[in-house]
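Protein chains: 2
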Amino acid sequence: MFEIGLIRVLTSDDQDFVDMHGRLIERLYPNLNVTSACIPDQREGIHGPEQEAQAIPKIVALATERFAHKDMILVSCAEDPGVEQIREALPGVLVTGGGESAAAMALRIGGRVGVLGITDVAPKAYIRLLGDRLVGNYRPELVHSSPDLLTDAGRRSCIDTSLKMKADGCEVIALGCTGLATIGIAGQITQITGLQVVDPVIAMGACCAFHAATARAF
Amino acid sequence: MFEIGLIRVLTSDDQDFVDMHGRLIERLYPNLNVTSACIPDQREGIHGPEQEAQAIPKIVALATERFAHKDMILVSCAEDPGVEQIREALPGVLVTGGGESAAAMALRIGGRVGVLGITDVAPKAYIRLLGDRLVGNYRPELVHSSPDLLTDAGRRSCIDTSLKMKADGCEVIALGCTGLATIGIAGQITQITGLQVVDPVIAMGACCAFHAATARAF
Chain A
-12 MFEIGLIRVL TSDDQDFVDM HGRLIERLYP NLNVTSACIP DQREGIHGPE QEAQAIPKIV
48 ALATERFAHK DMILVSCAED PGVEQIREAL PGVLVTGGGE SAAAMALRIG GRVGVLGITD
108 VAPKAYIRLL GDRLVGNYRP ELVHSSPDLL TDAGRRSCID TSLKMKADGC EVIALGCTGL
168 ATIGIAGQIT QITGLQVVDP VIAMGACCAF HAATARAF
Chain B
-12 MFEIGLIRVL TSDDQDFVDM HGRLIERLYP NLNVTSACIP DQREGIHGPE QEAQAIPKIV
48 ALATERFAHK DMILVSCAED PGVEQIREAL PGVLVTGGGE SAAAMALRIG GRVGVLGITD
108 VAPKAYIRLL GDRLVGNYRP ELVHSSPDLL TDAGRRSCID TSLKMKADGC EVIALGCTGL
168 ATIGIAGQIT QITGLQVVDP VIAMGACCAF HAATARAF
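These protein sequences, in sequence, are chains A and B.
Residue 18 in my numbering sits at position 31 of the first sequence; the count goes up by one each step and never skips.
Residue 52 in my numbering sits at position 65 of the second sequence; the count goes up by one each step and never skips.
Bound-form chain A, shown alone (with noise of 0.2 Å):
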């Protein structure tokens, strides 16, 4: 088994929330084996510069007192938050973010690429990675934070969202946060679209898999 650690960067005291991203990684990857923790204090998660400054030191500290011995450490965020930070404190360490692992493969993929999120801003790595094939960062009217991704209205609007990308011209819908996850929305965005959809937890889960299975090659 290939041994991975995931860090939640929205704290929940129900472990089955907690444990969301990780089931759904070992569900969709055989030979993956996932253990999930949350940051303390950052109820709202990350939306912002502000929570992601003060998350950063949290989550460096969960990955190295919690994960350091495992073959893998994800930090399940499309801001990546602490992942270039605990590469620097945990060499050895395979390390990935929701963020880069979907702008990687929405790269792959080809074609113009639009992120649906809840910033209003892009994510740094969808920026970085995508360059001029990024169309733009779009967030639903009603959604601010990942909670309100939860509600019924945070949902309808990210669909309606997802057909104006379309109308934009977008020719891949990159989720810009793992809360988009959370819900399960890339499939449904999918039917009514036809779009590619890449959800950055699926897309972690497929890197995780790449080093698996480089890992037992040969």
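Treat each hint with caution, since some may be false.
Treat identical chains as interchangeable: a pair holds within one or across any two.
[Stated by the list, open to error] Here are the simulated lysine to any residue pairs, SDA-like style, with alpha carbons at most 20 Å apart:
1) K153 x P78
2) K45 x Q29
3) K153 x T138
4) K151 x A24
5) K111 x R99
6) K111 x R142
7) K111 x D0
8) K153 x V80
9) K153 x E75
10) K153 x R74
11) K153 x G79
12) K45 x N18
Honestly, the hints are just simulated from the structure, not real lab data.
These figures come from a predicted structure and were not determined experimentally.
Using the hints, position chain B against chain A.
Frame of chain A, contents of chain B only:
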């Protein structure tokens, strides 16, 4: 099962040889079913623009005649010959190649990337996607085409070159030829250099695993 058609760009009458990349993908990633075929009259594979130009119409013909009904089509070559053309010919079908799959994965891993291949210039996807993260392209002295990799001297030359790449500051080694997957050298290079190695066939497999996971996620 997720059904994949894999195109080999090196002609062989030996179906076991033709099937090697597909069987590697099936072994490493469950729930994928790969059918492989090679293009005709391409005994040296592709190691330059002239062979690529000859191969592309044959690749597109094979894709449209044999694999149009598949969930995904792979062109098992780091140069990605015909990938764009198949996308145009078969708009509903997912298509990728060894080059763009490996380059996207190497980009996501982070750090400076060197390409170890059989050509004097890195395959186009590595140049396009890696930009200034690309340290350089390295061709082992004794290797000029894919069949050269099958000799002991060719293999030794690859190992020597990987050590030079490490000395030059490469942090990730992306293999620039799927013939290097055929000889299974990624594990050996990792052991000797301690660097992350991205094998384009294993990277294509991760992309298939991603799309298969997305299709059955929700």
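I want to check one pair: K111 and R142. Are their C-alpha atoms no more than 20 Å apart within a copy, between two copies, both, or neither? neither (24 Å within a copy, 40 Å between copies)
Is it within, between, both, or neither for K151 and A24, if the alpha carbons may be no more than 20 Å apart? Neither way: K151 and A24 sit 36 Å apart in one copy and 41 Å across, limit 20 Å.
Homomeric proximity label, K111 with R99: Cα distance no greater than 20 Å: both (17 Å within a copy, 19 Å between copies)
Within, between, both or neither, where K111 and D0 count as close if Cα-Cα is 20 Å or less: neither (29 Å within a copy, 48 Å between copies)
If the cutoff is 20 Å on CA atoms, where do K153 and G79 land: within, between, both or neither? Let me know, please. between (41 Å within a copy, 16 Å between copies)
Quick one: K153 to V80, C-alpha cut-off 20 Å, is that within a copy, between copies, both, or neither? between (39 Å within a copy, 18 Å between copies)
Is it within a copy, between copies, both, or neither that the alpha carbon of K153 lies no farther than 20 Å from that of P78? between (41 Å within a copy, 16 Å between copies)
Up to 20 Å CA-CA - N18 versus K45, copy category: For K45 and N18, the Cα distance exceeds 20 Å both inside one copy (29 Å) and across copies (37 Å).
Intra- versus inter-copy proximity for E75 and K153 (alpha-carbon distance at most 20 Å): Result: close only across copies, 19 Å inter versus 39 Å intra.
Classify it for me, K45 with Q29: is the Cα-Cα distance of at most 20 Å met within a copy, between copies, both or neither? within (10 Å within a copy, 56 Å between copies)
If the cut is 20 Å between Cα atoms, do K153 and R74 qualify within a copy, between copies, both or neither? For K153 and R74, only the inter-copy Cα distance (19 Å) is at most 20 Å; the intra-copy one is 36 Å.
If the cutoff is 20 Å on CA atoms, where do K153 and T138 land: within, between, both or neither? Let me know, please. neither (23 Å within a copy, 51 Å between copies)
When held up to the earlier numbered hints, the structure conflicts with 3, 4, 6, 7 and 12 and fits the remainder.
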